[in-house]
Each structure stands twice: as C-alpha cells, then as structure tokens.
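Engineer: For reference, the chains in residue letters:
Number of protein chains: 2
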Amino acid sequence: MEKHIAIIDMGSNSVRLVIYYINTQGAIYKVDDLKRSIRLSGHLDEHGRITDVGVELAIQCLKQYKQLCDARDVQYIKGVTTAALRQAQNRDEVIFEIFRQTDIQFEVLSGEEEARYGYLAVRSSMDIEEAFIVDIGGGSTEITYMKERNLVHSISLPYGAVNIMETFFKQQEVLNKDDLKCFYNEIKATLKQIPWLKNKRCPVVGLGGTARTIASIHQYKTRYSFNSIHNYKMDTYDVEHIFHLLRRTPLSSRSQIQGLSSGREDIILGGVAMYTAVMNYIDVDEFYISTQGIRDGICLEILKQEVEQDLDEDIVSMHIKRFAHYYKINTKHAEHVMHLSVELFRQLMQAKILPYTEKEARLLAVAAFLHDIGRTINVYNTANHTFYLLSNVNLPGLSHRERLIVALIASYKKAKILRSRVHRFDDILNEQDEQLIKQLGVLLQFTRSLDRTASKQVEGVTVKYDGKKVTVECLVKKKRSIEIDLANEYIKHFRKHFGHLFEVKALKK
Amino acid sequence: MEKHIAIIDMGSNSVRLVIYYINTQGAIYKVDDLKRSIRLSGHLDEHGRITDVGVELAIQCLKQYKQLCDARDVQYIKGVTTAALRQAQNRDEVIFEIFRQTDIQFEVLSGEEEARYGYLAVRSSMDIEEAFIVDIGGGSTEITYMKERNLVHSISLPYGAVNIMETFFKQQEVLNKDDLKCFYNEIKATLKQIPWLKNKRCPVVGLGGTARTIASIHQYKTRYSFNSIHNYKMDTYDVEHIFHLLRRTPLSSRSQIQGLSSGREDIILGGVAMYTAVMNYIDVDEFYISTQGIRDGICLEILKQEVEQDLDEDIVSMHIKRFAHYYKINTKHAEHVMHLSVELFRQLMQAKILPYTEKEARLLAVAAFLHDIGRTINVYNTANHTFYLLSNVNLPGLSHRERLIVALIASYKKAKILRSRVHRFDDILNEQDEQLIKQLGVLLQFTRSLDRTASKQVEGVTVKYDGKKVTVECLVKKKRSIEIDLANEYIKHFRKHFGHLFEVKALKK
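Residue numbers (my numbering), protein chains in the order written: chain Y, 1 to 509; chain L, 1 to 509.
Derived by calculation from the structure, the hints in this document are not laboratory data.
Misleading hints may appear alongside valid ones.
Which copy is meant is left open, so a pair is good if it fits within one copy or across any two.
Claimed, not checked - With a cut-off of at most 27 angstroms between alpha-carbon atoms, the simulated DSS-like pairs for lysine-lysine come out as follows: (1) LYS198 <-> LYS496; (2) LYS30 <-> LYS321; (3) LYS328 <-> LYS30; (4) LYS328 <-> LYS3; (5) LYS177 <-> LYS414; (6) LYS469 <-> LYS63; (7) LYS416 <-> LYS477; (8) LYS477 <-> LYS508; (9) LYS509 <-> LYS416; (10) LYS496 <-> LYS188; (11) LYS505 <-> LYS352; (12) LYS35 <-> LYS414; (13) LYS352 <-> LYS469; (14) LYS78 <-> LYS200; (15) LYS478 <-> LYS200; (16) LYS468 <-> LYS30; (17) LYS30 <-> LYS456; (18) LYS477 <-> LYS66; (19) LYS63 <-> LYS321; (20) LYS464 <-> LYS352; (21) LYS66 <-> LYS328; (22) LYS352 <-> LYS492; (23) LYS469 <-> LYS505; (24) LYS304 <-> LYS147.
Generate the whole structure from the sequences, applying the supplied hints.
Structural biologist: Spelled out as structure tokens, the structure:
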C-alpha cells in the first residue's frame, strides 16, 4: 500500500519535480523537490512552435528527473504541463517526442483544471471558508472563487510572470511608466469581463512562486520572527509596497534583494505586477500565501482521497493526526491528556476561574495532543524539541499566531523561558497571549502528570469550587499512584497563575 | 532482541529512575528519567539505622517507579544503592523489606564499583585519554584516575553533598568561615593519604548532579551560546568563582540563582565545596562535565557490550553510527558522500589549495556523514533541521566547538546565513572557523550533488591542478547525469571561496 509517486510540472518558467511518499494510511509527505529554470516559453519560434533546442533542453532535464525517480523507487510519474504547451502550436509532437525519449506521459492541463488543482490544495491546507485563489504562473493566471469551501467560479487568463515581462515590460533595466500603464489597462479591461470578481468581501490566497517570493521578501524586510511562509498574512498595501521596491531596483541589482531567489530576478516584476492588478481590481485587503499549490492538488486527485474529503471536516484535526503519526507519538496517551486537559479547562471556564472561550480550548487541545512530539528528536530536552518542531514544521490550518501559541503551551516549563520566547516573537504575540500561554501551560503540565505512566490511571477530572478553594477530583483506579503524587506537586503552581487555592483529591471509582 | 531495562539508583539525596531502550543492534537510548528527592540520609536514627519512615518513603517512591516501568514494558529492573545504604546499620533489613514490598532487588554498590561505573560512562562518551574522574554524590565522592583510557586507580571517600552540609556546614543561612576552614582541613588531610593524586597533568571530569549544576550556573552567568552540558569545559578558577557566588548568597535566596534546580539549593554548597577542595589539592586547570554517569555505566555493564569495547575504538565514529541509525538516514548515501568529500578534501590539501590538516578532514567526514539527518524532521528546510539536530542533540566525543563546526558545515547553504549563525556563537567560534566552515560547506554541497540520486553515479574524484585551473575529474557510469549537471552548478562557487578556477570533467570508466 505505501508508495512513491512523482509529479513533474513543466511550466513556462521552470520544470519542477516533486516526489511524494504515501504511507499505508494514505498520508502524503513530500520527500524530494527539484526545480530547473528551463524557460520553455523563451524557446518559441515565430510560428508559436517550441524549437528543437527547447525540446532538447526539456528532455535532458526530464531524463535526469527520471534517474532521480528511479533512484527513489517512484512507482508512478505524472507529467503535467500548463500554459507553456497549451499555447504551443506543436504541442502534440513535443509531448510525443518527450514520451518517446523519456517514457514520461505528459498531460496538457486546461486552465480550468489548473484552477481546480490549486483549489484542492488550498482547501486541504487552509482553514478558510471564502476566498479568491490567485495562482500566477509563468504563462497564465488562474483565479478561483471559493465559497463555503466549494469551488464556485474559476477562470484562466493568458498572463503570467514570463509573458508579462516579454509582452509588456520588455526586460528593461528599469520599468517604463507607460509600459506599466498599458499593462494595467489591459488587465483591467480583461478583468471587467468577469462578472463574479466584484463585490465580494473575502481575502486573496496567492499560490505559486511569485506569491511565495512576495511573502519571503516581506518577511525579510519586516524581520518577521516566525519561520513559515504557508498561511502568512499580508495587507494588499504590503504587496503594492514590494512591487514599488522591485520597480525602483534596477534589474542588474535586483538579485541583492533579500528573499528573492536567484533565477527569478528577471521575471518577478511581471508576477508581482499581476498580483497588484488583480487585487486592486477586486478590491481586497487581505492577502494570504499558500505554499501548497497545483502539484499538491494533483497528488490529492491521484490518491482520490481528499477529493472525497468531507467539506465540513476540520482540517486542523486532520493534519494534527497526520503530524502525530509522522512523528510517531503514543496516540492513546496523547488523546487521554487532550481529553483530561479540555475537561479540566472547560470546568474551570464554567466556574469562572479561567476567562476563556472555546477558541482557546481548541488551542489547548492541539497543544495537549502534540505535547510529546519532541520525544522523536530526543528524550532529553523534549520540551525544547517540541517547541522547535511545532514552531518550525508546517501545521496547516492554523495561523502563525495560533501555531506559536500551541508550540509554547505544549512546551511550557517555566515562566522565565516563556518570557524570553514571547519576547523573540513580539511581532506576533502580546502580553495577553503570554498570560494565556502561561495558564494553559501549567494546566497542561498538570494533566500530563495525570497520565505519567500512559496507562489511564486517572480516568477523569471534576472541578469543585466552594468560593475559596478549587478541588480537582481525580477519578482513579488505585488510590495511591505516581500520577496523584506528581499532580500534587504541579498543582502548587496553580495558585500563582490562577489566583485561587487548589487541591487534588483522588476518588476511587 | 530489543528491550527496555530500568536502573533505579537510591542515593543519599534522591531516588532516580532511568529507563533505557536497547534496539536490535544493541544501541542504548534513554527513554525516561525521573527523580524524587527522598533525602534518605536524613532518615537515620542515632544508631545509624534508616528509620521506618525513611523506608516507607523509599518504598512508596519505588512502587510508583514500578508502575512506570510496567507501563513502559520494562523487562528488567536493576536497583542499586550507594553511600545511603552502605553506611546504614540496617541495610540488609531495608533491602529485604523493599524487595518484599516492591519485588525490586537492590544491590549495595561498593565505592570501588561506583567508581568503575562512572569510569565506564566517561570512557564511552568522552574522547579523553587521561583524567581524574570525580563523582560527587549525596553521601560519597569517588575519584578515579584514568590513563590511556584504562582505570588505573580509584577511591571512594565518605564525603558527599548531603553529609558535608550536615557535618560541616550545618545548613546555616550563610556559611561560616571557620566551618569551611575545618572542612578544607579535613579533606586535605584525607587526600594526602592518596599517593596517586599528585603530580599528574590532566583534567578533572566531573560526574553527577553537583557537576551538572556547576556547569549550568556557569552557562547562565556567561550567557553561553551552546545548548549542551556534556563535555562542557571550564577552568578550575570558574568553579571557585561559582563556589563564592553560592557562599555569598544566603540559603533563603539561593533558589534565585539561574541554573540551580529546585530541590538542590540546600545541598549544592557541600558538593561545590568538595569539588574546589579536590581540584585545589590535585592542582588541575581544566574541568570537564560529563552528563553520563554511573547509571549509564551500569547499563553498559548489564549489556556487556561496552565493557568489551576496544579501548582504541574511535568513540566519535561509534556514536555517529548510532546517531545516524537513530535518525534513520540512508547510510549508503551518507557513506558515499563522506568518501567523496574526504577524497576531494585530501587532494585539495595535497595540491595546497586548501590549507588544512587531517583534523579538519575528520570534522568534514562527520559533517558529510550526517548532512542529511534533518530529513527525519521534515523534507522542507532540511538544512535548518540538520543544524538544529546537530547543535541540540548530544554527539559524545566531540567538543562543543567541534560539534558546532560539524553542524554548520553539514547545514551550509549561504555565506550570509552562516555569518549570522557564527555571530550567535561568537563565544565559541572565531573568523578562521567561519572561513573553514564556508570552504568545507561549499565542498560538501558539491559532493552531495555528486550523489544526488543516491545511486553512486560518481564513483570517485581526482583533482588535477595545472597551476591555473583545478579540474575535478569524476569517474562516472554514464557520461550525462543529473549529478554532473548539478556539480557544474555548484563548482561555480569554488572560485570565490577557494581562489582558483575550477571545472568538472566526467570520465567514463
């Protein structure tokens, strides 16, 4: 049942290989990722045919990808190509020649299919109900309107980073004002013909290299503290700002801009201009970046599973389960600690000892479920490793702030350490967040101790509050256990953090 | 073949449980670690017998440890006890009572045995030929002289952190000068009777909680940048300094000292005083800390393997192989990249293009072998994860500086990132180190690309230098491969970092 599959995506700008590993439970992990900038659209002759040189370049690259796939035991290679070949006059010949020489079968995706794959990727990796998904590639732009997590409309426009540069901006050292005006006018005229773009109040989700680059440049500029691109949120204004930064920087020194990867200096302006044009037209304020894109959507489609995914399914839970499986945590223990934590939290909430809501209960649940994940790295300093993993490995569905809060609750040990970590991320977290993390952190330390032997010694907890003292009654199998002893040690910290006297009682069932 | 074993170590100060997991290949990993401060030596009556209350406390704790062992599928529990029971008049009764109630068989270790276990732990985790190993516990101190990695002499003295406090320092708020003098005099008189302590030129290796605490306080004070205690090196003077810091701080505010764990405030002074007394007497300059101690030595002995370990075996290689196995790297690929790296490095050294020695070749070999270790965490940002693992997880045998250099070579991507990391660790690394890391980093990037498909496409490399240009000839199976293509891309960076023109040639064998 477990297998490797590869997606090769031949675009106008680059040819990209991604190898996925699918485990026995159907969870998908990327295991390799390689990109070569072939710039196929630069190899069109005057008749709109891809030249022999272009084909040869592509084939050389694909032969090497084939080697890598063979070395990695890939059972199935799916080749797709988008605008690059969609627009070529000799596309069938090229595809046949590639097949003859490499054995890889390429499928020319329609703009509609491209949009759909992008939508699938976003739906399975972002907790968002309504959005315009805008995927700007080398030779085309797909815009999709998603509502209640359904694909409602989509369209493909023949403008991409590469051909915008060639057609409008002419690769000059500095972008000409008139050229830009001309570009904006044409895009505006094109967008005007799409009736469903107007009067929606929802964010744009950007996919593809241009979007990732915008986020990366912005993170460098603002010295963003968190190491993640997926689900990064920006204002439309920020995108505008980055466009002007790029415009002002002559082509020859553009590679100096931090966050701009080499091989993209000459086309980035086209892609960013397109984002500003689209976002201005549909008049949105928020811009989110998804690092999941059409290749991921294709993989989901091949595996069929996500396509039939229940649209109401909580994607956070789905990904957390996979995460837990990947890092091989003891799920029985994790679930029990989560159960005890949420039970205790809700009762403290009801007794008005904690001033929170179900939103915080959800963050606590995630932190409780994943608290032990650092153990995969090493049994020593587990809390540090848990913090590292949760703050450095993508957990789709959660915002960056939520991911940080979860990471800090799950790895909470001492107020002092928390202090310095919150300080490091003070562009994302504030003092109230710190207070929340501290309280849920000590709560989780306590509930973890209630399942120290991972054998459900404590089956449940009941909170009793007499106005002066809070009693946490633990329903136990045996009256004396290491769990109750440890719980007694941890509950001492509650007074300081919750402002009440606490005690633990063991109740034999 | 794989199994869990537990060591329970009942000392004068605390009762400690460590659970080890031993895999099918015999490698040992700690999977749990728990400590309760029972302070057994405080439960002696006037006849030197452990009181019923003391026995009951121990038994309650051991019953809980037993639960945890059962929950963790421990097949074998080994109980040892040291000075605490060695000195008790009713030791046999106590051991029998414990066995009757908990089924755990305790063995009273002699001071000699204790010393031997500490020695085994040090020998298997530090790359050191000659040292005094000083293990200060709650009720005794073991001093061992190791030469050429053999145990030459050992002795056990009945002075430990707990009884020094009781006998000499009397738990006063502030330590009395006369009490201290009296203590130093007695220790000096005792040490004078040990002929082999004098006239040796070698460092002290400290084991046990006092040593770890000294290191931890020192790291806080100096804001040490590296997250590791094992193999931490200090001057004798630093230990003296920490002793005076502790002395000056009244008992009631001692818990404020960063690095001092709670439950140790009242005895730490005794242990540190003993270290200063011993180190002053034997007149050494260097103090190393080992986090591996007698429990680890006992585990090694039970498993018999390390005891028969070849004393000449390179402990770095041994631990690196285990590390690689634990993090499940592709060893064939790792070994091949290591082989290519060292081959290329040595030839560049011989051609006087690189100014290094075999010492650096060894660091490169370790980095090359472990370069892909971050993949365990995630395929994205592998280099970052590699850096995290290598700089946060103990690699016994290497110094902190060496571990950092290895981590930075293995995860090298760009000079700019390296710059900021070296800056973060500027208490350990200097500019020359940065230059070394940069050069070996680009070299490793290149050799990694030579085995990109992990299929030994490039079997070997030969360096040709005509005084102007360096040619790296790659012995290949096929003339065209992704490896040679990538190698051509990476070798471009060589000119900048090595100051010569480079080219790659593929030679078909």
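Engineer: All hints are to be evaluated individually against the structure, with a verdict given for each.
Structural biologist: Tested hints:
1. LYS198 <-> LYS496: Intra 53 angstroms, inter 52 angstroms, cutoff 27 angstroms: neither.
2. LYS30 <-> LYS321: Both ways: LYS30 and LYS321 sit 17 angstroms apart in one copy and 26 angstroms across, limit 27 angstroms.
3. LYS328 <-> LYS30: Both. Shortest intra-copy (17 angstroms) and inter-copy (17 angstroms) distances satisfy the 27 angstroms Cα cut-off.
4. LYS328 <-> LYS3: Both. Shortest intra-copy (19 angstroms) and inter-copy (18 angstroms) distances satisfy the 27 angstroms Cα cut-off.
5. LYS177 <-> LYS414: neither (56 angstroms within a copy, 35 angstroms between copies)
6. LYS469 <-> LYS63: neither (72 angstroms within a copy, 31 angstroms between copies)
7. LYS416 <-> LYS477: This pair counts as neither: shortest intra-copy Cα distance 36 angstroms, inter-copy 58 angstroms.
8. LYS477 <-> LYS508: within (6 angstroms within a copy, 71 angstroms between copies)
9. LYS509 <-> LYS416: neither (39 angstroms within a copy, 62 angstroms between copies)
10. LYS496 <-> LYS188: neither (60 angstroms within a copy, 46 angstroms between copies)
11. LYS505 <-> LYS352: For LYS505 and LYS352, only the intra-copy Cα distance (21 angstroms) is at most 27 angstroms; the inter-copy one is 74 angstroms.
12. LYS35 <-> LYS414: between (44 angstroms within a copy, 18 angstroms between copies)
13. LYS352 <-> LYS469: within (13 angstroms within a copy, 76 angstroms between copies)
14. LYS78 <-> LYS200: For LYS78 and LYS200, neither the intra-copy (36 angstroms) nor the inter-copy (69 angstroms) Cα distance is at most 27 angstroms.
15. LYS478 <-> LYS200: Neither: 60 angstroms inside a chain and 57 angstroms across chains, both beyond 27 angstroms.
16. LYS468 <-> LYS30: Neither: 54 angstroms inside a chain and 43 angstroms across chains, both beyond 27 angstroms.
17. LYS30 <-> LYS456: Between copies only: 23 angstroms across chains, 36 angstroms inside a chain, cut-off 27 angstroms.
18. LYS477 <-> LYS66: between (59 angstroms within a copy, 16 angstroms between copies)
19. LYS63 <-> LYS321: For LYS63 and LYS321, the Cα distance exceeds 27 angstroms both inside one copy (37 angstroms) and across copies (34 angstroms).
20. LYS464 <-> LYS352: within (12 angstroms within a copy, 77 angstroms between copies)
21. LYS66 <-> LYS328: Between copies only: 25 angstroms across, 32 angstroms inside.
22. LYS352 <-> LYS492: Classified as within; 20 angstroms inside a copy, 65 angstroms across copies.
23. LYS469 <-> LYS505: within (12 angstroms within a copy, 79 angstroms between copies)
24. LYS304 <-> LYS147: Close inside one copy (22 angstroms), not across copies (65 angstroms); limit 27 angstroms.
Going down the numbered hints, you'll see the structure goes against 1, 5, 6, 7, 9, 10, 14, 15, 16, 19, while the others check out.
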